[in-house]
Each structure stands twice: as structure tokens, then as C-alpha cells.
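First to last, the sequence lines map onto chains P and B.
For the first sequence, my numbering begins at 1 and goes up steadily by one.
For the second sequence, my numbering begins at 112 and goes up steadily by one.
Treat the hints as calculated values from the structure; they're not laboratory data.
Just so you know, even glycine gets a beta-carbon here, dropped at the ideal spot from N, CA and C.
Do not take every clue at face value.
[As the list claims (entries may be wrong)] List time: in silico EDC-like cross-link candidates among lysine to aspartate or glutamate, alpha-carbon distance up to 20 angstroms:
| # | chain 1 | residue 1 | chain 2 | residue 2 |
| --- | --- | --- | --- | --- |
| 1 | P | K68 | P | D55 |
| 2 | P | K103 | B | E218 |
| 3 | P | K56 | P | E15 |
| 4 | B | K131 | B | E163 |
| 5 | B | K177 | B | E133 |
| 6 | P | K54 | B | D199 |
| 7 | P | K71 | P | D31 |
| 8 | B | K125 | B | E218 |
| 9 | P | K56 | B | E218 |
| 10 | P | K103 | B | E133 |
| 11 | B | K131 | P | E42 |
[As the list claims (entries may be wrong)] Taking CB as the label site, the calculated pair distances span:
| # | chain 1 | residue 1 | chain 2 | residue 2 | range |
| --- | --- | --- | --- | --- | --- |
| 12 | B | S116 | P | T97 | 23 to 31 angstroms |
| 13 | P | H72 | B | M156 | 17 to 25 angstroms |
| 14 | B | Q153 | P | N67 | 36 to 44 angstroms |
| 15 | B | F150 | P | S8 | 36 to 44 angstroms |
| 16 | P | K5 | B | L187 | 30 to 38 angstroms |
| 17 | P | A111 | B | L179 | 20 to 28 angstroms |
| 18 | P | Q81 | B | E133 | 31 to 39 angstroms |
| 19 | B | N181 | P | S108 | 36 to 44 angstroms |
| 20 | B | N181 | P | A111 | 43 to 51 angstroms |
| 21 | P | H72 | B | H118 | 25 to 33 angstroms |
| 22 | B | K166 | P | N67 | 37 to 45 angstroms |
| 23 | P | F94 | B | M156 | 17 to 25 angstroms |
| 24 | B | K175 | P | Q2 | 18 to 26 angstroms |
| 25 | B | T128 | P | P40 | 24 to 32 angstroms |
[Stated by the list, open to error] Derived contacts from chain B toward chain P, CB cut-off under 8 angstroms, selection only:
| # | residue |
| --- | --- |
| 26 | P119 |
| 27 | L137 |
| 28 | L157 |
| 29 | G164 |
| 30 | A183 |
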Amino acid sequence: DQQVKQNSPSLSVQEGRISILNCDYTNSMFDYFLWYKKYPAEGPTFLISISSIKDKNEDGRFTVFLNKSAKHLSLHIVPSQPGDSAVYFCAASFFNTPLVFGKGTRLSVIA
Amino acid sequence: GAVVSQHPSWVICKSGTSVKIECRSLDFQATTMFWYRQFPKQSLMLMATSNEGSKATYEQGVEKDKFLINHASLTLSTLTVTSAHPEDSSFYICSAKSSAGSGGSYEQYFGPGTRLTVT
Chain P
1 DQQVKQNSPS LSVQEGRISI LNCDYTNSMF DYFLWYKKYP AEGPTFLISI
51 SSIKDKNEDG RFTVFLNKSA KHLSLHIVPS QPGDSAVYFC AASFFNTPLV
101 FGKGTRLSVI A
Chain B
112 GAVVSQHPSW VICKSGTSVK IECRSLDFQA TTMFWYRQFP KQSLMLMATS
162 NEGSKATYEQ GVEKDKFLIN HASLTLSTLT VTSAHPEDSS FYICSAKSSA
212 GSGGSYEQYF GPGTRLTVT
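Required output: the full structure, derived from the provided sequences and hints.
Encoded structure:
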């Protein structure tokens, strides 16, 4: 039973365009959501997060949107750069429990 | 940001031997550390939650006698894979949660990972 789902295993975007990575969750108890970026053979690095009391959080080129009624969040990267090519994991938590991760989406930004 | 290190970064061992992986929080104190395992093209799977000074809590299906976890101090947790077999070959990643208020109690800081290959 996957509580956090990233249904697109891969995504290709041209440099300069917007990348949109999607994530759905099933547990309505989740109240904090995070995105991590991971390069091969490296640990994940924190990218951006959002609390359930917000519907948008922006940090530079990265914006995370949360739609609680749809149990859906998305990460927007604009403009996309070749260095953004990596695997992006969506994660969720509640009451300070361990993070639950999605399976990840591999983003390829083509120059 | 907070830094978590892992040692070794990669290790090759023979079947039947034991391997110890260290996870250290370098610039903060971590009351809680987590150990994850990642199989190729799959998500991070939580193996266990480690709290300083107490026994680790293992996820269902994870053998606690095979994967020994010791959280000896606020900056160090170790994972020992005992009697390793080829199916234990994987990428093991630790993370640490800061006990301080800054950074948010939800955020975890991940180590770079340790690639274990059992021959």
C-alpha cells in the first residue's frame, strides 16, 4: 500500500522550459511534504518543503504547490537547467513520524 | 545546511562477513537517525529508526539480528550488516533529524550513502 505515489517514472524537458513533477498521497494525516533531489550514488538532498497550512511555497526557481482536497502536490522548476537532471523524490510526514517516500521521478533536462 | 557523513562510501565484502557503516552528524546533534535502503530504480525504504541511548525501532520485514543498529551518541549511529549475503548488496543511506529548533523538526538531512557489494 503506497501512501505516496509518483506516477511518472521519468520526465524529459528542454532547457529553459518548465518542469512539473507530480506527487499524490493517500494518507490525509500527512501535514508536511518535502521534495528531495538525488544524483546517482549520492544521498538525497533537501530541495523544498511545504506545510499543510499553505498551498504554495517558492524558493528561487523551485515552487511547490499543495492541493489538499485532491491530495496532490507538484514541484515546478522554471527555468529548467541541465544541472537539474536528477531523480526527484516526494516525501510526506505527520506528527514527526519518519518520512514516507514516493518512488521518484527521473528528470532529464535536454540542452 | 546541516551535514551528515557516512563511512565508508563503498565497500566490497565476502559472503558471510560483517560490515559496519557509520553515520555522523557533523555540525548538529541528532536525537534521531534513520537508516534507509535503496534498491535500483526503487524508492528509499526505511529500515529502522534509531534514537540515541535506546534500542532501534525496526520496520516490518527488517531482521534486527541481521542489521544491528547502535546510536551511541548524539552524533553517531552505526549499522552493522552481519553475515552478509549477496542479496544484501544495496545502497544504504542514513539521515539525521536535528534536535534543535532550526530547520524544522520534519526535515531530515541525508548522508551521501554507502554502496555495499557482497560477493
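Right, here's what the structure says about each hint:
1. Proposed proximity of P:K68 and P:D55 is supported: the alpha carbons are some 8 angstroms apart, at most 20 angstroms.
2. Of the pairs offered as hints, the one joining P:K103 and B:E218 holds, with about 19 angstroms between alpha carbons and a cut-off of 20 angstroms not exceeded.
3. Distance restraint check for P:K56 and P:E15: the Cα-Cα separation of roughly 24 angstroms exceeds the 20 angstroms cut-off, and the hinted pair is therefore not satisfied.
4. Taking the CA atoms of B:K131 and B:E163, the gap is about 18 angstroms. The hint holds against a cut of 20 angstroms.
5. A C-alpha spacing of about 16 angstroms is found between B:K177 and B:E133, which places the hinted pair at or below 20 angstroms, so the restraint holds.
6. Of the supplied pair hints, the one linking P:K54 and B:D199 is violated, its CA atoms being roughly 41 angstroms apart against a limit of 20 angstroms.
7. Restraint check for P:K71 and P:D31: satisfied, since their Cα atoms lie roughly 11 angstroms apart, inside the 20 angstroms limit.
8. Between B:K125 and B:E218 the alpha-carbon distance is near 36 angstroms, which puts this suggested pair outside the 20 angstroms criterion.
9. Proximity of P:K56 to B:E218 is assessed by CA-CA distance (about 18 angstroms); at most 20 angstroms being required, the pair is judged to hold.
10. For the hint pairing P:K103 with B:E133, the CA-to-CA distance comes to about 25 angstroms; that exceeds 20 angstroms, so the pair is violated.
11. For the hint pairing B:K131 with P:E42, the CA-to-CA distance comes to about 19 angstroms; that is within 20 angstroms, so the pair holds.
12. Restraint check, B:S116 to P:T97: a C-beta distance of roughly 25 angstroms satisfies the suggested window 23 to 31 angstroms.
13. The hinted range of 17 to 25 angstroms is satisfied by P:H72 and B:M156, whose Cβ atoms lie roughly 23 angstroms apart.
14. Separated by about 26 angstroms at the C-beta atoms, B:Q153 and P:N67 break the suggested range of 36 to 44 angstroms.
15. Separated by about 19 angstroms at the C-beta atoms, B:F150 and P:S8 break the suggested range of 36 to 44 angstroms.
16. Roughly 35 angstroms separates the CB atoms of P:K5 and B:L187, a value that falls within the hinted 30 to 38 angstroms.
17. Hint check: P:A111 to B:L179, Cβ distance near 46 angstroms, so the stated range 20 to 28 angstroms is violated.
18. Range check, P:Q81 to B:E133: about 34 angstroms between beta-carbon atoms, so the 31 to 39 angstroms window is met.
19. The supplied range of 36 to 44 angstroms is met by B:N181 and P:S108, whose beta-carbon atoms lie about 40 angstroms from each other.
20. B:N181 and P:A111 have their C-beta atoms about 47 angstroms apart, which keeps the hinted 43 to 51 angstroms range intact.
21. Against the hinted window of 25 to 33 angstroms, the Cβ-Cβ separation of P:H72 and B:H118 comes to about 39 angstroms, which falls outside the hint.
22. Take B:K166 and P:N67: their Cβ atoms lie about 40 angstroms apart, and the range 37 to 45 angstroms holds.
23. One distance hint, 17 to 25 angstroms for the beta-carbon pair P:F94 and B:M156, holds here, with the actual separation near 19 angstroms.
24. Our hint of 18 to 26 angstroms for B:K175 and P:Q2 holds, since their Cβ atoms are close to 24 angstroms apart.
25. Take B:T128 and P:P40: their Cβ atoms lie about 26 angstroms apart, and the range 24 to 32 angstroms holds.
26. Taking 8 angstroms as the C-beta cut-off, the interface hint given for B:P119 is violated, the closest approach to chain P being about 13 angstroms.
27. Taken as an interface hint, B:L137 does not check out: its beta carbon lies about 13 angstroms from the nearest beta carbon of chain P, beyond 8 angstroms.
28. At about 5 angstroms, the closest approach between the beta carbon of B:L157 and any beta carbon in chain P falls short of 8 angstroms, and the interface hint on this residue holds.
29. At a threshold of 8 angstroms, the smallest CB-CB gap from B:G164 to chain P is about 18 angstroms, leaving the interface hint violated.
30. Checking B:A183 against chain P: minimum C-beta separation of about 21 angstroms lies over 8 angstroms; hint violated.
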